[in-house]
Amino acid sequence: MAKIEVENLTKIFGKKPKKALPLLEEGYSKDEILEKTGNTVGVNSVDFSVEENEIFVIMGLSGSGKSTLLRCINRLIEPTEGKIEVDGINIMELNNEELREQRKEKFGMVFQNFGLFPNRTVIDNAAFGLEIQKVDKETRRKKAREALKKVGLEGYEEQKPDQLSGGMQQRVGLARALAVDTDIMLMDEPFSALDPLIKKDMQDQLLDLHQNIAKTIIFITHDLDEALKLGDKIAIMKDGEIVQLGNQEEILTDAANDYVAEFVQDVNRSRVLTAEDIMGKPLALLYEGQGPRTALHKMNEENLTSIMVVNRENKYIGVLSIDGVKEMLDNDEKDIKPYLLDIPKASPCDTLDELFTKMTDIETPLPVLDAEGKLKGNIVKTNVIANLAAQENSAS
Amino acid sequence: MAKIEVENLTKIFGKKPKKALPLLEEGYSKDEILEKTGNTVGVNSVDFSVEENEIFVIMGLSGSGKSTLLRCINRLIEPTEGKIEVDGINIMELNNEELREQRKEKFGMVFQNFGLFPNRTVIDNAAFGLEIQKVDKETRRKKAREALKKVGLEGYEEQKPDQLSGGMQQRVGLARALAVDTDIMLMDEPFSALDPLIKKDMQDQLLDLHQNIAKTIIFITHDLDEALKLGDKIAIMKDGEIVQLGNQEEILTDAANDYVAEFVQDVNRSRVLTAEDIMGKPLALLYEGQGPRTALHKMNEENLTSIMVVNRENKYIGVLSIDGVKEMLDNDEKDIKPYLLDIPKASPCDTLDELFTKMTDIETPLPVLDAEGKLKGNIVKTNVIANLAAQENSAS
Amino acid sequence: FTPVEASADDTVNFGYVEWPGVTVKTAVASQILEDIGYETESSSYMQQVLFQGMRTGDVDAFLGTWLPTMEVNYREYYEDGVVEEVVTNLEQVLYATAVPEYVYEAGVTSMADLNEHADKFDHTIYGLEPGNDGNIIIQDAIDDGIYDLDDWTMMESSTAGMLAEVERATSQEEWIAFNGWEPHWMNLAYDIKYLDDPENIWGEDDKVLTVVRSGYGDEQPEVYRFLEQFVIDQDIQNEWIYEYGHEDRDPEDVAQEWIGNNMDLVLEFLDGVESADGQPATEVIQEVYN
Amino acid sequence: MTELLSTRIPLGDWVSNFVDYLVANFSGPLNAFSDFIAFLIENFEGALAVLPPAVFIIILALIALKLRGKELAAFVVLGLGLVANLGLWSELIITLASILTSVLVALSIGIPVGILKAHNKVVHFITRPILDFMQTIPPFVYLIPALMFFGLGNVPGVVATVVFAIAPPIRLTYLGIKQVPDELKEAGRAFGSSPLQMLLKVELPGALPSIMMGINQCIMLSLSMVVIAAMIGAGGLGEPVLRSLTTVDVGLGFEAGLGVVIIAIILDRLFRSEEE
Amino acid sequence: MTELLSTRIPLGDWVSNFVDYLVANFSGPLNAFSDFIAFLIENFEGALAVLPPAVFIIILALIALKLRGKELAAFVVLGLGLVANLGLWSELIITLASILTSVLVALSIGIPVGILKAHNKVVHFITRPILDFMQTIPPFVYLIPALMFFGLGNVPGVVATVVFAIAPPIRLTYLGIKQVPDELKEAGRAFGSSPLQMLLKVELPGALPSIMMGINQCIMLSLSMVVIAAMIGAGGLGEPVLRSLTTVDVGLGFEAGLGVVIIAIILDRLFRSEEE
Ligand SMILES: Nc1ncnc2c1ncn2[C@@H]1O[C@H](COP(=O)(O)OP(=O)(O)OP(=O)(O)O)[C@@H](O)[C@H]1O
Ligand SMILES: Nc1ncnc2c1ncn2[C@@H]1O[C@H](COP(=O)(O)OP(=O)(O)OP(=O)(O)O)[C@@H](O)[C@H]1O
Ligand SMILES: [Mg+2]
Ligand SMILES: [Mg+2]
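Chains as they are written, first to last, in this note's numbering: chain P, 34 to 429; chain E, 34 to 429; chain Z, 145 to 434; chain G, 2 to 277; chain Y, 2 to 277.
Worth flagging that the hints you see were computed from the coordinates, not collected in a lab.
These figures come from a predicted structure and were not determined experimentally.
Hints should not be assumed to be uniformly reliable.
[What the hints assert, rightly or not] No more than 27 Å apart at the CA atoms, straight line, and that leaves these computed lysine-lysine pairs for BS3-like:
(1) Lys407/P with Lys407/E
(2) Lys233/E with Lys262/P
(3) Lys49/E with Lys193/P
(4) Lys409/E with Lys348/E
(5) Lys182/E with Lys170/E
Build out the structure end to end from the sequences listed, making use of the hints.
Structure below.
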């Protein structure tokens, strides 16, 4: 059973949300509904589930409903419609008292806007959740101190939040959530104000935590690197809907639509796909010295129309097409050298564009060679075209 | 003359900042001073200058004093010590009235914590600066509307800030600064809450603006990619000090100390240096068919002990050492083929570590070849070792 | 009605209104009673509250029921049987329209002269708090056009307000007509004259009563007897008011001194009264003052 | 030394002499002030009294309807209708005129002083005990001397009312401004706001809920002075209350008191929006 | 119809009858209440009066020194010393006792009601006119009938004081809680705070400046009732003020008034910290 199950969750902000619901079902867009009714669609029929001990990352445009979705899960925002189950408990049907218990036991939360108490010292802020859990003073100060140490705020325990920098405040919020030690952590851009070093540190700690203490985490971020590093599953939202949900691979390579593709691609120029990313292992290889019959056998077995030839050091020699094999057999030739095709070669760091140019005129897969000339893998045309298409669509 | 000149700027927070100043000069660290006096060092003797129409980026750990420094420039925070000149005007000596005029005329500002007015609608927030400049209502609403359009908030003009998502709020703050159209923009992590797509859009717009309307911008960010994209100069801060200041190249390659190196390197794994990044152009090349005398001449001219041999298509053939040349001359040989050394080759995407392994046993530079075997450049050992050293230090 | 129970002890609870005469009169009476061994307590109240206090049992006796000035207020309690009249402790009191002496000398000696100088008076007669019987008398006169006062107004405020106005006017020799009465320290503080009242709108039989709550005579016959005999005259009253209201002395001091100096009168008050422990009060008090 | 301590300080005499001195020397400017107040009251009264009750009620109800909705409009009709029915209309007008004057004066002094207090430590520390003084010194204490300047009537009534009712607007304006978050003040400063712009565009809007509460309390305290004002001849609804006292007429007192309450509720709702 | 309208509604009579009815039927519980208040006052008075003035002043000055620093301690010594010197010590104690009682009662009812008002719309809308009523209905109107329940003396004085002074703590507690930023309330809820925890750990700390202002106003308004309380026999510093009235003795009134002000300042400073 999934740890968290969300079904058909919808949140509409405004005076008469129920009035906007039918419009939403009729397929009016968020902007149209805003104009027509003055209501803002926060989250629109979202379904997903999070397994125990999974990090579920939510990404999406600013204003796409990530924070709203997160808040709906522990009903800080009352959903307009939908079902939320946590550990099999239907959150939507809890009364206030039960809801409080659930929040106390199950949910730690980090807010996008930090939500620190200005009158409390840093340590008392960090200890807030424990205080609510009625942990005795000594224990909670100890735990809070530890949490603050984890986030690198030793020495600032007795200061007030307004004496801290933005990133330090964010870390106090983080410490507050860490201190309570609940099953589930709801984290709304928890590292957005942190510099790369501390951010990396925090990410690593989060992974540690997640592995050692088995936490289920829902994590909102705008940083694809972060998403890829942390996320077991990644959901991408747009206008209140989840437009794609999958693991890293799926998100990166199989963009469900233009939006996702653009979102994922434009993210980070260094992430542009290269030969290395999309190449596959050749299904079969012909070794130097082997003859046309062996080639035919191997090709037949794997249904290939061409096969790559390498020497024993895996150094690339050339490619033999089925036509070449046939000719050799016809001429009863043993030496394959003259029958090898001279086709372009790819380097592992070639980009899709480069690959595409190299492949235009050839029918066989493209070999990917390292600097020593050794075969690293091969690339099939379809692969390149598919990825390229996704990219181009998103750019238009 | 520089647009902004900052000299020896220091800000100490706390009750008696003047008391902590001597300690700072004696070289006590920020933490020690906090413990000893209860005062926090915000900014510590910072010097820098920003030229007209330059984008000056500040990076650094959370709490390192970036926001404090930014606020000191327009004296939102009163510096404890130091000199600030803007357009030749000594900001520190202005009286209140003059300071206000300067702020109004010269500085637009985006705050890390947004600083939106909760009672004003989005459009009135965006128009705030213009209102202060006493621009008439119609014009200012027009300009504010344009600014909001630029940041993608059309349709939300009449909402209140608390009805917007975090990133949308940040963009309202941005629109407010854009609307006033001042010479200088002080931007404190202005894109931190934005998703990659909108962030890219905003960055591009900022670059446009900066090129077309000649703005001087001081920009705080935690995103090295962003810093590299936008910054003409980048300053890296630590514990209130600027530990390095330079252009992109300098920051990336010549880390002034471990901290910077770590900061810059760990940022983004895809940024790890590769052969392509550090390779240079060979000073001289020998072409297939040329003999030992030509080789000697070329090597002599450039003071080389070895020379790379390529064919007319620039395909790498091998490397000839001065020993080989001598031997050929002694034997009166014309064909260089047998005298070529077989040394390892690098691919453009090899990492420093890989390069280092390949170079251990050779004396000559390492050729960098693309997949076709063409020579792209060469790498000198010293280069690799220097970069590697910087990396290793920072990791310890 | 279920009145709040009277205090169980024998303390004599005097109520008084902060009018100088009544204040000192009450002080003298309590002093005498204390001297002969009774516990007393005096509290000042608004007159309305005071009678209510008799109903609730908080107040036993009041020495300043000024009739008919307090008539409206008093009548209800009297008719309800809450209050019982003991004696008229002061006769020949006066309540009438008064003017400063310089006005009197300028020819305004009778209420009939007022309207001649209406402008100088600003067509106004100053009275006490709304509802006061003097105010009502003047208002009736105005309404009925007596003394040609038809376009005059009755300016109502409060005792203090009216007196402050008198002080202001006299200090600047402005003309003013107001509701004055005697005994009161105003007669000593300012040179004032009372106007003739040919139409007799003010009536004649003003007097000050001692009243107690009903049944008090049975509870405290000795005190009651003392109160019956505690009657004074204008001169004494004026002396008290002067000492207290004008010389700013403590009422207790004034009372003590006066008792010491007027033992013969005090003995009359105490004639036949027994002290708290059953001795003849006359003897007890003489001992105290020797 | 002990003698010095045990000697009663003749504070009262000093004050009396001081007042005499004031009366003797400063009647001129005080008269000007008094005339100004009287002018305000008379104008209000004049403006309010020209209309017949029914017309007045209808107009006010329409204003209420426009500004605050139909509940208040209904209340205006019923409440003022009741007062008219009870025959207290002219008293109501008098009270209304002097309350409006008092509130006007108290707010137009109080809010600026509150603003000053929030910006200037010296003003803050000086005003604090002065406000305590003004709110707790019994009005009678200074009213009697004040009568020397102003004579009986509604002017001293307004003065006493202002003295008593001015503290809440000052204090709550101060509180409201102090509570405006620093980040907003910073944003205001960053764009070069002048002190006035800062005030109008950042501080006052942020302080509005507090200031509104100050206005509410100013109205309430002003109306609580109605009876005391009547004691110094201001007339109005305080007069029937006093009369009811003299004549032990609980009913009459209640009716007049109710008139005061009705004014309180109407003014409060008109001045402030739905949500407190 | 017209006749109906022009017929004066016998509201006053109804009220009189209602009061009679109340008196006839509800004296019991009210007596208990009255006894409780009397108990409080007497204990305060007892506790305060046992000490000789000098000792009392020194102890209070030490407390002031401990809590608020030497300025207040000095003020306590000078201020109360002056009152003692002026011979108003016993009056001061009486006033102090009933003010402490009133403030205690007003705060311990007012702050909880303010909290309720902030959380419950119905309470909010019901209390609003009631508070307006309590603050503006002249105390005389209900005091005379109330004497039937409470008898004369300081109990009805305390009742009237509480009625008048309870609105500010209610209203300012409400305002303070309403002004606590939503994000803090959200943070509180997210961690599963119970309503009580929410109140104690999030709302009240955030509302503190407003509540403090409510306490200040409660003290001020309580002290402003000293004279009215004296009119119904509560004694204390209001009595010399009343006396000064009838003798037009500006000095005496001022001295007693000053005593009230001194109490006001001391209580205010003791209850609230440096910064308002
Ligand atoms: N108002 C203040 N009072 C006291 N100390 C302060 C104050 N503001 C900042 N500081 C301290 O000054 C130091 C620098 O803070 P600053 O806000 O400039 O950091 P920053 O570089 O902007 O960090 P971040 O990236 O987290 O925003 C921090 O140690 C902080 O605790
Ligand atoms: N309290 C609110 N009242 C009205 N509309 C709201 C409210 N909160 C959010 N919204 C709207 O709901 C939509 C989604 O907001 P949300 O905060 O969930 O976005 P987000 O995905 O978290 O964005 P960001 O990345 O900028 O934080 C936005 O259009 C916003 O305007
Ligand atoms: Mg968000
Ligand atoms: Mg910062």
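Item to complete: Report the numbers of all earlier hints that the structure fails to satisfy, in ascending order.
Response: none
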